[in-house]
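Visitor: Just need the whole structure built from these sequences, with the hints factored in.
Letter by letter, the chains look like this.
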Amino acid sequence: MFLQTLITGLSIGGIYALMAVGYSLVFSILNFSNFAHGTIIMLGAYIGYFLISWFYSSLAISLLGAIVGAAIFALLNVSLAYIPLINRKAPPLYLMITSMGVSIFLENMVYVTVGSHFYSFPEIFKKSSVSFFGSEISTLDLFALIFSFIAISGLHLFLTRTKMGTAIRAASYDMTVASLNGVNMNRLIGVVFILAGAFAGIAGVFLGIKYMVYPTMGWITSKAYIAAVIGGLGSLPGAVIGGVILGILETFVSVYISSVIRDVFSFSLVIIFLVILPAGLLGKYLEEKV
Amino acid sequence: MLKVENLNVYYGRIHALKNVSIEVPKGQIVTVVGANGAGKSTLMWTLAGVLKAKSGTITYNGKSLPASAHDVAAAGVILVPERRRLYANLTVRENIIMGAFLRKDPEGIKKDLEFIYSLFPILKERSNQYAGTLSGGEQQMAAIARGLMSRPKILLLDEPSLGLSPLYTSEVFKTILQIKAQGATIFLAEQNAHKALEIADRAYVLETGRVVLSGSGKELLANPKVQEAYLGVRHKAI
Numbered sequence: 003m004f005l006q007t008l009i010t011g012l013s014i015g016g017i018y019a020l021m022a023v024g025y026s027l028v029f030s031i032l033n034f035s036n037f038a039h040g041t042i043i044m045l046g047a048y049i050g051y052f053l054i055s056w057f058y059s060s061l062a063i064s065l066l067g068a069i070v071g072a073a074i075f076a077l078l079n080v081s082l083a084y085i086p087l088i089n090r091k092a093p094p095l096y097l098m099i100t101s102m103g104v105s106i107f108l109e110n111m112v113y114v115t116v117g118s119h120f121y122s123f124p125e126i127f128k129k130s131s132v133s134f135f136g137s138e139i140s141t142l143d144l145f146a147l148i149f150s151f152i153a154i155s156g157l158h159l160f161l162t163r164t165k166m167g168t169a170i171r172a173a174s175y176d177m178t179v180a181s182l183n184g185v186n187m188n189r190l191i192g193v194v195f196i197l198a199g200a201f202a203g204i205a206g207v208f209l210g211i212k213y214m215v216y217p218t219m220g221w222i223t224s225k226a227y228i229a230a231v232i233g234g235l236g237s238l239p240g241a242v243i244g245g246v247i248l249g250i251l252e253t254f255v256s257v258y259i260s261s262v263i264r265d266v267f268s269f270s271l272v273i274i275f276l277v278i279l280p281a282g283l284l285g286k287y288l289e290e291k292v
Numbered sequence: 006m007l008k009v010e011n012l013n014v015y016y017g018r019i020h021a022l023k024n025v026s027i028e029v030p031k032g033q034i035v036t037v038v039g040a041n042g043a044g045k046s047t048l049m050w051t052l053a054g055v056l057k058a059k060s061g062t063i064t065y066n067g068k069s070l071p072a073s074a075h076d077v078a079a080a081g082v083i084l085v086p087e088r089r090r091l092y093a094n095l096t097v098r099e100n101i102i103m104g105a106f107l108r109k110d111p112e113g114i115k116k117d118l119e120f121i122y123s124l125f126p127i128l129k130e131r132s133n134q135y136a137g138t139l140s141g142g143e144q145q146m147a148a149i150a151r152g153l154m155s156r157p158k159i160l161l162l163d164e165p166s167l168g169l170s171p172l173y174t175s176e177v178f179k180t181i182l183q184i185k186a187q188g189a190t191i192f193l194a195e196q197n198a199h200k201a202l203e204i205a206d207r208a209y210v211l212e213t214g215r216v217v218l219s220g221s222g223k224e225l226l227a228n229p230k231v232q233e234a235y236l237g238v239r240h241k242a243i
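If you read the protein sequences in the order shown, they are chains A and B. 292 is the number that the working numbering gives the last residue of the first sequence; the numbers go up by one with no jumps. 243 is the number that the working numbering gives the last residue of the second sequence; the numbers go up by one with no jumps.
Incorrect hints may appear among the rest.
The calculated DSSO-like cross-link candidates involving lysine-lysine, where the alpha carbons are at most 27 Å apart (straight line), are [to be verified]:
{"#": "1", "chain 1": "A", "residue 1": "K165", "chain 2": "B", "residue 2": "K116"}
{"#": "2", "chain 1": "B", "residue 1": "K158", "chain 2": "A", "residue 2": "K165"}
{"#": "3", "chain 1": "A", "residue 1": "K165", "chain 2": "B", "residue 2": "K115"}
{"#": "4", "chain 1": "A", "residue 1": "K165", "chain 2": "B", "residue 2": "K129"}
{"#": "5", "chain 1": "B", "residue 1": "K230", "chain 2": "B", "residue 2": "K23"}
Since the hints were made in silico from the structure, they are not lab data.
Guide: Encoded structure:
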């Protein structure tokens with residue numbers, strides 16, 4: 003029971019981490035909470051769902067499609083909605099409000115075009131499970147856990163080993179100086195959103211498989227936001243640690259106490275963190291955060 | 006040659022630079038001295054393409070400089086900003102390599118890194134440390150190193166001696182002369198007027214956004230007005 007709960011917690015934590023990484027990436031560069039991120043996750047889930055249920059594609063194709071599709075949506079989001087504001091030197095608060103508008107717009111576009119149905123992924127993994135030290139562990143949990151780990155490690159390698167990755171970390175500290183070094187800031191922001199979108203696509207498919215696909219599913223990113231706050235907004239290792247901690251604690255609370263109290267617990271946790279450790283576990287910079 | 010003509014820059018409603026004209030000939034050290042708030046940094050940030058001029062022209066070899074900062078950097082005009090502005094979350098080595106962001110010659114980058122390490126051995130020792138852990142003087146070395154990694158055609162140095170001990174200040178000025186000896190063109194803004202004028206081929210004095218004096222470094226060093234205002238020399242009241 004304990005091990006099973008732990009693995010489930012880790013896999014949910016992995017999905018939270020995937021979502022939180024996208025949040026944090028954008029936050030670290032542009033200093034605002036991108037509330038449209040959840041909507042991009044939702045779009046990724048729809049793309050993944052339709053690829054599997056309409057075209058009978060494999061999970062790999064569905065994931066790939068969701069990654070590419072969500073990345074394109076994220077890129078459109080930033081180029082059409084945020085870049086014009088950034089070029090006018092709008093403060094982060096304006097960007098945050100714009101992101102809320104984008105989110106509402108896209109959600110309603112889905113209502114209008116696809117409808118408000120709840121879709122559930124075909125049962126690919128749900129019923130299968132593997133035995134592991136006497137506990138039954140769902141294959142989906144295991145797969146989500148491993149895949150999240152691989153994706154996040156890949157991102158880490160990109161950020162530490164490549165020129166563009168180093169530039170992203172540099173710009174997260176000082177954007178003006180990065181442009182003095184010849185970094186085209188609009189292009190860099192585009193790359194950041196493509197990465198965040200790709201991670202949103204992965205998270206969307208896993209969320210869709212685990213729960214359901216519906217227009218407002220993106221609001222589950224409030225959990226990713228909590229994860230990012232716990233870990234320290236803008237810090238990528240923080241987002242991962244925060245996501246995993248939140249996933250494990252939540253799962254233990256729902257298994258050992260009650261699943262009703264789960265969300266009460268998560269939101270209480272973020273309040274406690276904001277009071278005691280407002281910068282999160284690994285966050286350093288508190289000025290000008292919105 | 007970098008040529009600035011009748012440059013006017015505003016911060017909101019504040020007229021920060023008033024009809025500033027400056028020339029920086031190839032291979033020389035040109036300095037602009039002035040008190041705090043005279044507009045030195047404004048001039049530097051405008052040259053680097055971060056601040057926009059209201060009017061006036063900035064040309065480099067007869068062509069006007071591009072509008073955005075990264076294109077200015079690509080044109081070879083590289084600013085080492087005031088207060089170093091290193092990426093504290095990156096290692097020293099990563100900071101220096103960031104200067105080579107636009108370069109696509111791995112071999113050349115490697116060679117230049119070696120050269121920079123020979124110029125500043127302390128940076129080699131500290132290469133894997135986070136830049137935020139360096140002392141002020143070491144940070145200035147790293148900032149200059151980052152600028153040099155861009156293979157600048159013109160290096161803009163804004164207050165490189167700010168907040169440094171006298172020892173490090175001398176070190177920085179020695180480095181500037183070394184860089185010049187390599188054939189670089191340097192435009193230097195300094196509060197430490199004495200040191201700056203000593204090494205400058207040509208110098209300008211900036212006062213509340215206006216160029217009030219110009220001449221060779223030596224001329225300005227000998228100028229009683231400059232001596233009184235910037236060099237701490239007292240002339241007897243007449």
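Visitor: Are any of the numbered hints broken by this structure? If so, which, sorted upward?
Guide: No numbers; nothing is violated.
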